[in-house]
Amino acid sequence: MTRKRRRLSLIGGGLAVLAVATALMLSAFRDSVVFFNSPSDVAEKHIAPGTRIRIGGLVKAGSFSHAGDDNLKIRFDITDGSREIAIAYYGVLPDLFREGQSVVAEGALDGSGVFNADIILAKHDETYMPKEVADALKKSGRWKDDYAQRAAMPVGGNTK
Amino acid sequence: MIAELGHYALMLALGLALMQGVMPILGTRNNDAALASMAAPTAVAQFTFVAIAFGALAVCYVTSDFSVLNVYENSNSTMPLIYRLASVWGNHEGSMMLWVFILALFGALVAGFGGNLPPALKANALAVQAWIAAAFQLFILTTSNPFLRLADAPFEGQDLNPILQDPGLAFHPPFLYLGYVGFSIAFSFAIAALLEGHIEAAWARFVRPWVLAAWMCLTLGIAGGSYWAYYELGWGGFWFWDPVENASLMPWLAGTALLHSAVVMEKRGALKIWTILLAILAFSLSLIGTFLVRSGVLTSVHAFANDPTRGIFILAILVAFIGGALALFAWRAPLLKQGGLFAPISREGALVFNNLFLTTACATVFVGTLYPLALEALTGDKISVGPPFFNLTFGPLFVPLLLAMPFGPLLGWKRGDLLAAAQRLLAAAALAAVAIAAGFALQHGGPVLAPFGVGLAIFIMAGALTDIAERTMFLRMPLGAAFLRARGLPRSAWGTAFAHFGIGVTLMGIVVVTAWGSERIASLKPGETIDIAHFRLTFDGIFDRLGPNYRDIVGHFTVRRASGELLGAMEPSRRTFPARNMATTEAALMTRRVNQLYLSIGDPNPDGSIPVRLYFKPQVLMIWLGALIMFVGGALSLSDRRLRIGAPRPARASAALQMAAE
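Residue numbers (my numbering), protein chains in the order written: chain A, 25 to 184; chain B, 219 to 880.
For the record, the hints were derived by calculation from the structure and aren't laboratory data.
Note that the structure is a prediction, hence the values are computed from the model and not measured.
Each hint should be verified, as a subset may be incorrect.
What the hints assert, rightly or not - Simulated pairs of lysine-lysine, BS3-like, Cα-Cα distance not exceeding 25 Å:
1) K69(A) - K600(B)
2) K555(B) - K743(B)
3) K84(A) - K69(A)
4) K600(B) - K28(A)
5) K97(A) - K84(A)
6) K485(B) - K600(B)
7) K485(B) - K97(A)
8) K743(B) - K28(A)
9) K555(B) - K632(B)
10) K84(A) - K743(B)
11) K485(B) - K28(A)
Stated by the list, open to error - From the structure, some residues in chain B lie toward chain A, with a derived Cβ separation under 8 Å:
12) V240
13) A581
14) T582
15) P822
Backbone N, C-alpha and C fix where the C-beta goes; we use that ideal spot for every residue, glycine too.
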């Protein structure tokens with residue numbers, strides 16, 4: 025083979041691998057991307073039951089309950105201030121899950137409007153709020169300035 | 219006083235870095251050797267002042283000087299010494315200081331140990347290194363000053379984020395940064411070569427030890443971070459395809475490709491332009507990783523602060539360095555001469571194959587990590603790209619790479635014999651086939667692909683052993699002779715075998731734990747038991763325990779085999795830190811050879827029961843053991859004498875010498 029043909033075969037091979045990779049990525053994007061929604065979005069967009077989505081907002085105060093012989097069947101509501109949605113989860117909740125705090129749940133709606141979550145994400149420390157949740161709260165007009173202040177200014181004494 | 223001293227030292231370091239960035243280039247341009255030779259002493263001086271600044275910050279932390287804002291926000295006098303020291307880099311400002319410290323350290327090492335480098339290359343490379351240092355020192359001084367004072371010094375600090383209060387913090391960030399920042403040397407050498415407009419095969423030999431050292435540290439840093447997340451977050455996962463993890467994986471993939479292409483360039487003078495491009499890309503991906511993690515674009519445990527000016531500053535650094543480097547590459551690369559010819563089936567061809575798949579796999583990680591950010595910026599849609607995406611793209615691209623891996627070292631340079639290589643790998647393939655058959659025979663309803671994964675891992679491990687056996691003529695010569703040959707093998711050959719073997723070990727761990735690990739979730743009252751795999755755990759009760767700056771609610775569990783044999787106790791806990799009013803889960807681990815039992819508990823219920831999450835993780839330790847073996851392989855290769863001696867003689871002359879010697 026001449027130098028030119030060798031280089032062409034090399035470039036051809038590279039392009040082939042790249043084409044395969046692109047095809048893989050496009051098909052994976054179609055099947056495995058999960059969209060984030062606020063409870064209001066869920067109400068407005070009529071998301072089909074069974075579609076995998078993420079829902080974020082605050083855990084509604086007083087909505088938390090657990091049931092079952094093992095206390096692991098967990099129910100609570102996520103609210104963005106204007107709408108709320110009931111979440112069902114089985115298992116142990118993350119460390120920083122609390123009522124009134126922000127949370128993200130991943131799963132799918134069932135036919136009756138309850139959201140069956142299999143992943144619950146809470147924040148990493150007391151000044152952190154998932155960006156999606158902050159944006160959703162701002163959009164619904166329920167964003168309180170003190171969240172922003174707390175997030176931006178951790179200074180303020182260790183008494184609280 | 220100490221803080222002000224550190225602040226002042228950092229400013230002086232910036233001044234020195236600016237000098238180090240300009241003078242050597244002027245010197246090499248105007249053939250002024252004296253001006254060019256300024257580079258090395260300035261680099262050492264700059265490192266000295268950065269070290270003083272970093273040391274000053276460390277002293278503030280160790281002595282709990284809460285009049286320094288940064289110390290007040292991230293430390294607490296009740297923390298043990300190791301965490302007070304490690305919390306220097308457990309926050310945004312301090313971690314940038316560590317970044318700059320390691321950058322200056324590498325510069326000083328090049329200045330000190332680069333005696334065999336061509337003077338012009340060394341001067342220019344140190345100058346480029348200084349631009350990077352200056353940019354980040356300016357970033358610290360203008361947006362992230364760790365030495366700011368508080369007017370009224372508080373009596374006590376706010377404590378470090380409890381998730382970070384772990385020995386992992388002492389090791390994971392420094393190793394990760396040694397890796398990230400270590401690639402800056404390859405970048406600086408690449409830019410220096412482009413500035414000079416010519417490049418020799420010896421360039422690869424100069425750069426290789428630095429890339430190797432960085433790669434070793436990055437391997438350990440990633441593995442350490444993975445193990446930390448595994449036991450600290452309480453979920454038992456070892457890799458989450460989190461953007462922050464991907465940010466460290468991308469430079470690793472590009473750096474691995476660079477290591478391999480540098481071999482081709484060094485031995486055969488081919489792939490010069492490609493190697494230069496990879497050197498630029500590896501460090502660019504490190505910069506992108508720094509941007510993703512430090513700018514607040516992503517919210518995660520790694521994003522310490524969300525200050526938009528910082529994000530824009532790092533973005534500006536990113537654009538300037540990556541854009542500038544790629545523009546320079548486009549302009550100057552055509553000047554570089556092409557190297558040797560080789561057939562598609564050859565050692566070079568195999569290394570090109572490796573590079574092709576590694577960079578493509580890296581590209582899929584890049585797209586999966588940045589696509590959600592781009593989409594949100596463009597359309598406002600928020601999406602998450604999770605493990606399924608990466609399993610569907612990264613996985614299929616890695617399989618051919620892993621399959622081809624044992625073949626590479628068995629192929630000859632220039633023109634290889636695929637059939638002969640395949641024949642030598644027959645034993646390895648037979649072992650793999652046996653493993654696959656055994657996997658199918660033993661598993662009950664597990665994933666179909668899992669036995670094939672085990673087979674592939676066995677094939678890789680046996681292939682690495684085959685390589686060594688072939689080189690030492692093991693079993694074909696008397697054992698003593700084979701041993702002598704083994705001692706005579708270049709260390710780099712051992713390094714390759716170890717690193718490839720390590721990949722097999724890691725793959726084995728990943729496949730086995732993913733396919734055959736099991737999980738139980740339950741709520742237990744004292745005296746109740748829970749079974750998993752062939753173990754039975756009894757919950758004995760909970761008790762309180764006080765730590766230096768936390769309070770533990772500990773669950774005590776007795777572990778027995780199903781047969782009743784007592785194995786020991788496990789004590790997972792819920793740890794509350796009063797300074798931040800925050801709780802963490804401290805999982806308990808019981809190691810049985812390379813398998814682990816993993817137990818974490820939730821908050822006790824009012825009825826006295828306690829939620830329990832229990833995993834059996836078969837062969838999970840293989841994942842990190844493999845990374846350690848890769849590290850050892852890198853160290854062996856680094857100690858090869860070829861890398862320590864001076865510039866190489868032309869290949870023909872040394873071949874003639876060898877023939878004469880034989």
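Each hint tested on the structure:
{"no.": "1", "hint": "K69(A) - K600(B)", "in the structure": "holds (14 Å)"}
{"no.": "2", "hint": "K555(B) - K743(B)", "in the structure": "violated (74 Å)"}
{"no.": "3", "hint": "K84(A) - K69(A)", "in the structure": "holds (22 Å)"}
{"no.": "4", "hint": "K600(B) - K28(A)", "in the structure": "violated (47 Å)"}
{"no.": "5", "hint": "K97(A) - K84(A)", "in the structure": "holds (17 Å)"}
{"no.": "6", "hint": "K485(B) - K600(B)", "in the structure": "violated (48 Å)"}
{"no.": "7", "hint": "K485(B) - K97(A)", "in the structure": "violated (63 Å)"}
{"no.": "8", "hint": "K743(B) - K28(A)", "in the structure": "violated (75 Å)"}
{"no.": "9", "hint": "K555(B) - K632(B)", "in the structure": "holds (19 Å)"}
{"no.": "10", "hint": "K84(A) - K743(B)", "in the structure": "violated (29 Å)"}
{"no.": "11", "hint": "K485(B) - K28(A)", "in the structure": "holds (22 Å)"}
{"no.": "12", "hint": "V240", "in the structure": "violated (38 Å)"}
{"no.": "13", "hint": "A581", "in the structure": "holds (7 Å)"}
{"no.": "14", "hint": "T582", "in the structure": "holds (6 Å)"}
{"no.": "15", "hint": "P822", "in the structure": "violated (10 Å)"}
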